[in-house]
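Engineer: Using the hints, put the two chains back together into the complex; each one sits in its own frame.
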Amino acid sequence: MIRDLHLEYGASFGEFAGWEVPMVYTSTIEEHLTVRSDVGIFDISHMGRLKVSGPDATELFEVIYTKRVSKTKVGFMSGPTLALNPYARVKDDEMLYNINGEEWLLIPNAAVADHMMEYLRSMALSRSLKVEVEDLRDKYVMLAIQGPKTVEVMSRLGASWAENLKPLEFRVGEYVAGVKTFIVSRSGWTGEDGFEIIAEPKHGEIIFREAVKTGVKPVGIAARDTLRIEMGFVLGGHEYGEDPLKFPCALSLRYGMGAIDWSKKGFIGEEALRACRREGVRWIRVGLVMRKEAARIIPRHGYNIYLEDINIGWVTSGTYSPILERGIAQAYIDSRYALIGETVELEVRGSRYEARIVDFPFIKR
Amino acid sequence: MVKLEVQLRTFKTIVEDTLLYTRTDEWIRVEDGKARVGITDYAQRMLRDIVGVELPKLGLKVSKGQAVAVIESIKATVEVYTPITGTIIEINERLRGEPELLNKDPYGNGWIFVVSIENRDEIKDLITPQEYILKIQQEKR
Chain A
1 MIRDLHLEYG ASFGEFAGWE VPMVYTSTIE EHLTVRSDVG IFDISHMGRL
51 KVSGPDATEL FEVIYTKRVS KTKVGFMSGP TLALNPYARV KDDEMLYNIN
101 GEEWLLIPNA AVADHMMEYL RSMALSRSLK VEVEDLRDKY VMLAIQGPKT
151 VEVMSRLGAS WAENLKPLEF RVGEYVAGVK TFIVSRSGWT GEDGFEIIAE
201 PKHGEIIFRE AVKTGVKPVG IAARDTLRIE MGFVLGGHEY GEDPLKFPCA
251 LSLRYGMGAI DWSKKGFIGE EALRACRREG VRWIRVGLVM RKEAARIIPR
301 HGYNIYLEDI NIGWVTSGTY SPILERGIAQ AYIDSRYALI GETVELEVRG
351 SRYEARIVDF PFIKR
Chain B
1 MVKLEVQLRT FKTIVEDTLL YTRTDEWIRV EDGKARVGIT DYAQRMLRDI
51 VGVELPKLGL KVSKGQAVAV IESIKATVEV YTPITGTIIE INERLRGEPE
101 LLNKDPYGNG WIFVVSIENR DEIKDLITPQ EYILKIQQEK R
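The listed protein sequences correspond, in order, to chains A and B. Quick note on our numbering: the first sequence kicks off at 1 and runs consecutively. Quick note on our numbering: the second sequence kicks off at 1 and runs consecutively.
Just so you know, the hints here were simulated from the structure itself, not pulled from any lab data. No experiment lies behind these values; they were computed from the predicted model shown. Fair warning: there could be bad hints in the mix.
Computed footprint of chain A on chain B, listed as stretches where at least three residues anywhere in the stretch have a Cβ under 8 Å from a Cβ of chain A [what the hints assert, rightly or not]: (1) 41-52; (2) 64-76.
Sample of chain A residues facing chain B (criterion: CB under 7 Å; computed from the structure) [stated by the list, open to error]: (3) V24; (4) S27; (5) T214; (6) I298.
Virtual Cβ for every residue (Gly too), placed ideally from N, Cα, C.
Same shape as in the complex, but just chain B (with noise of 0.2 Å):
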């Protein structure tokens, strides 16, 4: 696993080279027939301060694109979006005392969920880390 410094305008990101992006700010690791998520670097950045997760059933079944989760943060209310169409097989119930996680270790203790992969197609909608950081870079932060 490769740490890519982004500097972008005003500050320095970190994007991971092994893991696939979404342009609504979510990662995506594949494993085996199920794809673990949670928010970039990035995300949490923008967001700052989170103080609250709301995180889905297990068992619920999700279509690409559906709100799944919901960050509170000072800031904001943002929902997060599952990439990938299927069944939420894990959660991380660890968000809910210390949704701190999510500014702190976004990549690693800060994942959100776990879906099953219905459809192996969906995968090559998800944009690699060299497209993620052009985006972010055309955001103008």
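Pulled out of the complex, with its shape left as it was, chain A reads as follows (with noise of 0.2 Å):
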């Protein structure tokens, strides 16, 4: 993170999984809305960065993952996918970028990044697999450009050359503002178009400097978890982690995205997970949304959700959206009553307040 950039524009900071981030430079509700509607920045160098390389790189993804990250094109990203412990509990859930076929890129969540590299490595050890781990971070910063006007942001950055970029699609030593990139993809984290771009400080501090000169506002991690829970996509240590007593299962995610694949064999966590499906989940990950009268409760993390007096669930992320003008959570849910429409209710400071069950996204686009 480029510090005394995000202080220049006025950054609140905050902790985010151990990392100093910028959370806020004005309101995350304004910096939410213009994602939606306009266009922002974001420095996400929290992220992790690990280049694995070798000529067994594939063979340890298919140990690791639960799709079939060798079937990935060439300058293209693997599209979501999660790495299981024994449990078919989630460690993370990830993207690779297929560089050259022995060189990939990964994106761990930036609490499990030192993690997935010595899981990796031993993982790639233990089973005499030709594979390097290298850890990026300190190489390369990491950006975001989201919003539906990205496109017209990165023409004039002189990248028009982005626009024919498909979704996941990436390119590498790429030029923006001027400055050479690591890489450039199609992608993000808002449900929005936009870009990712992994660079060198010096060159990402240029970027972010023109990109705002051009009017895109800069967006904190704050509003990337607005962003994210309106999309219903999730975050570990919310709505997954590797302890079994605290969360259920994998399917229970409903993660969808084609990041399971079932004609797959070998994978860790593969036998839990197949047992998980034939006997059926017990927990579900829905969305629920504040009914009228109870629009301004923020639905917290552990929040318990009640049908009359059975505890039937509970909060795994929550917040205001800004574009419903309501609170609304993620949460799991007992799948006996896990129904889409009905009403339950949250219980909040000794309170009970209404709230629908829906499905995700929370937001029709």
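Structural biologist: Below, the structure written as structure tokens:
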């Protein structure tokens, strides 16, 4: 993260997964709405960046991930996939960039980047696979330009080639704002069109400044969270984690997006995942929207959900949706009660407030 | 009423010199026998996007230090404590529909409640604007 740069733009900093990040510049609601209707730029350098290379890289991925990462074409990202533990609980959801078949870039979540690095190394070692794992976090920063007007911004930054990229396609060594980047991909975590840019810190700073000069608004990590919750995207430590006592089986996430390939065999956690599929899931991840009378109640992580006197689930992430102007939440609800459209009650400071069960995303696009 | 502009490490904040303060970031205006209470400019800046407020009931008997209101911002849910023992005699109903007043006008239209003062000695426990400025400067924001 380029601290002084963000200070200049008025950032307030906060802690996220042990990293100091620019949380908000002006107002999270404003920043959120900017990304939905215009375009914003984020510094997401807290995310992991691991280069995995060697002739056996794809063989290692076959063991670790729930989809056939090896099918990813050169110059494309794998799409989200899951790394499970033997209990079919999720270590991380990640995307992998296929640079040239033997060189890959992985983007682990911030909180587990160190763990994933050690895990990949030890799994490779124990299977005698020729794989090297390099931490690129100090070498490069990571930015995201997101919003419906992103393509125009890229063009203003002299990168009109970017509009030809398909979703999840990327290029290596291209120029943005006159400076060289490592990788530019058409991807993001907001539900909007956009690009993620990985570049050396001094180049990242130039791109950030030039983007702001052309009218792009700096957006903080707090808005990144409200944007992802609105889309129903999951976050480690909230919707998933490794502890089987705290988190249900990976299937309960309803992750979708082709993250699990059932024709694939031999990955860690497969046996438990198939058992969970046969037995059926106890918990289902659903959305909750506060009823109008309770619109200004923000459901927070850990709040309990009731149906009459029965505790039927818990909130994993919640926020105030600037688009719906309501409190919204992601929650696990007992699968017997997880009926879309039904009303349940949230316990907040000893009182009950009504919310409606909905499917994701919260906003229709 | 004089607005004191205080430069902190990353932003400026306003402290009004005719008010009294608490270490939990409430301000108090003592008005013959009663105390009007709100949150400081510094507190609203820390919370940022305030989207909801739960107000105490009129007539509620409260003791000093008791949580009597709740503020919901995107960042956090926080409680507002009464610095004075007494009875809640006014609440700012406008905040129910316009909680953003707490961000826009924390010392004016963003007041939260008025409590009657039972024990005038409690006023002595409140801190002065100068003491409050020292407190926020020490928080390293």
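Engineer: Determine for every hint whether it applies to the structure shown.
Structural biologist: So, going through the hints one by one against the coordinates:
1. 41-52: As far as the region 41-52 of chain B goes, the hint holds, because 4 residues have Cβ atoms under 8 Å from chain A.
2. 64-76: This one holds; 4 residues, not fewer than the three required, reach chain A with a Cβ under 8 Å.
3. V24: With a closest approach of 6 Å, the V24 of chain A hint holds.
4. S27: With a minimum Cβ separation of about 5 Å from chain B (threshold 7 Å), the hint on S27 of chain A holds.
5. T214: Interface hint status for T214 of chain A: violated (25 Å vs cutoff 7 Å).
6. I298: holds, 5 Å
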